[in-house]
Amino acid sequence: MKRRLWVLWLVLVWVLVACGGVKPVAKPNFDQGVGKLVIITGAGATFPYPLYSKWFYVYSKVVDPLVRFNYQSIGSGGGIRQIMARTVDFGASDAILSEEEKAAAPDLQMFPTVAGGVVVAYHLVDAQGQEVGTGLRLTPDALADIFLGHITRWNDPRIQDVNPDIALPDAPISVAHRSDGSGTTFLFTHYLAQVSPEWREKVGGGKAVNWPVGIGGKGNEGVAGILQQQPNSIGYVELAYAVQNQMAYAFIQNREGNFVEPTVDSITAASDAYAAEMPEDMGQLLVNAPGKDSYPIAGYTFILLYKDMPNCIKARKIHDFMVWALTEGDVYARSLLYAPLGASVEKMVIERLDALTCQGGRPVK
Amino acid sequence: MEHLLQAIGILGPTRKNRGDVLFEGFLLLMALTLVGLVVFLFFELVLGSWPAIRAFGVRFVTSRTWDPVRDEYGALPAMYGTIVSSLLALAVAGPVGLFSAVFLAEFAPSWLERPLSFLIELLASIPSVVYGLWGLFVMVPLLRQVEVFLHQHAGDVPLFSCMPWGIGMLAAVVILAIMILPYSTAVARDVIRAVPRAQREAMLALGATRWETIWHVVIPYARSGIVGGLMLALGRALGETMAVTMLIGNRPDISLCLFNPAYTLASQIANEFTEATSEIYLSALVELGLVLFAITFLMNILARLLVLSMGTPGRR
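Those sequence lines, one after another, are chains H and X. Position 332 (the first sequence) corresponds to 332 in my numbering; numbering is contiguous. Position 169 (the second sequence) corresponds to 169 in my numbering; numbering is contiguous.
Note that these hints are calculated values from the structure, not bench results. Bear in mind the structure is a predicted one, so any value in this text is a computation, not a measurement. Where a beta carbon is used, it is the ideal one built from N, C-alpha and C, also for glycine. Take the hints with a grain of salt, since some may be wrong.
[As the list claims (entries may be wrong)] With a straight-line cut-off of 20 Å between C-alpha atoms, the simulated EDC-like cross-links for lysine to aspartate or glutamate are: (1) H:K102 with H:D281; (2) H:K218 with X:E106; (3) H:K292 with H:E256; (4) H:K218 with X:E24; (5) H:K202 with X:D67; (6) H:K36 with H:D354; (7) H:K102 with X:D253; (8) H:K307 with H:D281; (9) H:K202 with X:D190; (10) H:K202 with X:D71; (11) H:K307 with H:E346; (12) H:K307 with H:D293; (13) H:K102 with X:E279; (14) H:K365 with H:D320; (15) H:K365 with H:D107; (16) H:K365 with H:D161; (17) H:K202 with X:D253.
[Stated by the list, open to error] If you anchor each label on the Cβ, the simulated ranges turn out as follows: (18) X:L34 with H:V213: 44 to 50 Å; (19) H:Q228 with X:F99: 35 to 41 Å; (20) X:D71 with H:V331: 54 to 60 Å; (21) X:V38 with H:N155: 41 to 47 Å.
Work out the full structure, taking the sequences as your base and the hints as a guide.
Here it is, written out as structure tokens:
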């Protein structure tokens, strides 16, 4: 009994000392100017996470060793919520801010960093039993009607006619979509809403929608799993995911009538071509862009910052990082299959970054 | 303090030891904390779902539409999916579990019984996600062949009349049945083992066969325990999320056909919670949680009543 009491006292003392008594080793000093380590926190979208990780790493190592970034990929919704609650220094979102969100935080600005694409992937075996690889051509209205449930068989003339060299099988189309809310769905459904009045009426665009047909899979992995398991199926995933997992995907007909392959270049072309119509708050939906080389199902991913940042040291660091990322970070973006912004868009974003202020109006630059 | 505890009936009338008073008071506190947690959970669920309750009212549990773009939400498909998938899984796992339990308790030699029991209990410790992955890549292709067969030969029956996807209600039912099997089996086995030897020997002495003994005496004697095990299994099935969401097809539809995709309350919450940004959307998802809480609560009460109505062992 006496020994047990001893142990109890020892534990109590240890807890008190660990929590209160002993002075901790020198913590990095955040707000005191040059020469101190600055930690910048951000949260949000999962789509750009691999690229942002790479950028943060290279930047901290090579360009500015006195800054550390801490990014949590909790999803676009979470990112928007956290930056609106001002618990992080920057937010990240694949979806543009809604009217509700813009009204709740009028000072929050969207800065496009890179663009990504959504590809229409499929698992298809032709009438001779051969696997159909990348390159199936689809027109926008055929695509919309497949996802609306109006086109139900693969050898429907609307698909067969634009694919004269593929013998499509007489098989039902199994449709797969995302069951979780995501930026990928946001882009895809907004694209369909733009090219199909019926889709706009019946379903609309959003991170999660009321799908007319199809099975839902959780995440890109879920959709890919369904496509792999289900013969003669079609679905949509991110470009990077499709390429890394060697999935077959379609060439979609763009506004000018060309069937465009989804690549980093065709997405950057879309960004360039649509730059003229960039709205004031830079929250542009890049889908269905004009231009003969543009891939139609593309979208920006945004970093969210306040026009007037609360901390000047951090504001300067964030500004410098973002300018570096947009200019010299391009090479890393390409290697990870993200499309860098078109040249004119890049210029616009850098100008907007230079116009940031901090702590009540002091210019950051 | 002592008088309070004596009044409640925890402390005996003659106990006056300080240590005992403290100890029993502490235990009471722990128990009340548990109850308090459940009440707090319920309270928070109601609070979180209040905007949706106000906006939709009873329509929430009768509407089939789930439309995040128009902010129109109805829980009926998810409720249907949850209840149907769990009950069907129980219908499969219940008999299999019971017969396995009888085998393990009555017939298996101990060199077989111990490893078998261990393996069955091991099923309970496999993570849900692993079940989902195994189900998606191993079970679904096999199940699809079974479904195609059923569709071709019994396609007129409404249960089999739709397109055999592979992924769908049937896949979820099968995986749930496998997941809840250890719960029904282990409990049933222990309860059957606990039936007094006197009962069995009396039956055998009257000239009954082994089979008759088990069916007419052992199982009825262990009835309330077996049902308790089944209810435990049902509870697990109602709340199961990951494995189900990978196999059920995630489509808020109500359909009689077993091959069609469906949705459960837990899957719907897990899928949509992180990206739900509008207040009414979030509130609708919390209300789904409240509905699931209510369903589980009701099932547990029903289970209690069922067990109570079966009477104590030995009496009819």
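Hint-by-hint comparison with the structure:
For the given pair, K102 of chain H sits about 10 Å from D281 of chain H by alpha-carbon distance, which is consistent with the 20 Å threshold. A hinted pair counts as satisfied when its Cα atoms are at most 20 Å apart, and K218 of chain H with E106 of chain X does not qualify at roughly 44 Å. Between K292 of chain H and E256 of chain H, the direct Cα distance comes to roughly 6 Å. Compliance with the 20 Å bound is thereby established for this hinted pair. Note on K218 of chain H and E24 of chain X: the hinted pairing is violated, with a Cα-Cα distance of about 49 Å set against a maximum of 20 Å.
Between the alpha carbons of K202 of chain H and D67 of chain X the distance comes to roughly 10 Å, so the proposed pair stays at or under 20 Å and holds. Between K36 of chain H and D354 of chain H the alpha-carbon distance is near 23 Å, which puts this suggested pair outside the 20 Å criterion. With a CA separation close to 34 Å, the supplied pair K102 of chain H and D253 of chain X exceeds the 20 Å bound. With a CA separation close to 11 Å, the supplied pair K307 of chain H and D281 of chain H stays within the 20 Å bound.
A hinted pair counts as satisfied when its Cα atoms are at most 20 Å apart, and K202 of chain H with D190 of chain X does not qualify at roughly 56 Å. A C-alpha spacing of about 13 Å is found between K202 of chain H and D71 of chain X, which places the hinted pair at or below 20 Å, so the restraint holds. This hinted pair checks out: K307 of chain H and E346 of chain H have alpha carbons roughly 18 Å apart, not beyond 20 Å. At roughly 34 Å between alpha-carbon atoms, K307 of chain H and D293 of chain H are farther apart than 20 Å, so this suggested pair is violated.
Proposed proximity of K102 of chain H and E279 of chain X is supported: the alpha carbons are some 15 Å apart, at most 20 Å. Restraint check for K365 of chain H and D320 of chain H: the C-alpha separation of about 9 Å stays at or below 20 Å, so the hint holds. The straight-line distance between the Cα atoms of K365 of chain H and D107 of chain H is roughly 19 Å, inside the 20 Å bound, and the hint therefore holds. A hinted pair counts as satisfied when its Cα atoms are at most 20 Å apart, and K365 of chain H with D161 of chain H does not qualify at roughly 56 Å.
A threshold of 20 Å between alpha carbons decides the hint, and for K202 of chain H with D253 of chain X the separation of about 17 Å falls inside it, so the pair holds. A beta carbon spacing of about 46 Å between L34 of chain X and V213 of chain H agrees with the range 44 to 50 Å that was offered as a hint. Roughly 36 Å separates the CB atoms of Q228 of chain H and F99 of chain X, a value that falls within the hinted 35 to 41 Å. With their beta carbons about 43 Å apart, D71 of chain X and V331 of chain H fall outside the hinted range of 54 to 60 Å.
The given range of 41 to 47 Å is broken by V38 of chain X and N155 of chain H, whose C-beta atoms sit roughly 57 Å from each other.
When the structure is compared with the earlier hints, violations turn up for hints 2, 4, 6, 7, 9, 12, 16, 20 and 21 and for no others.
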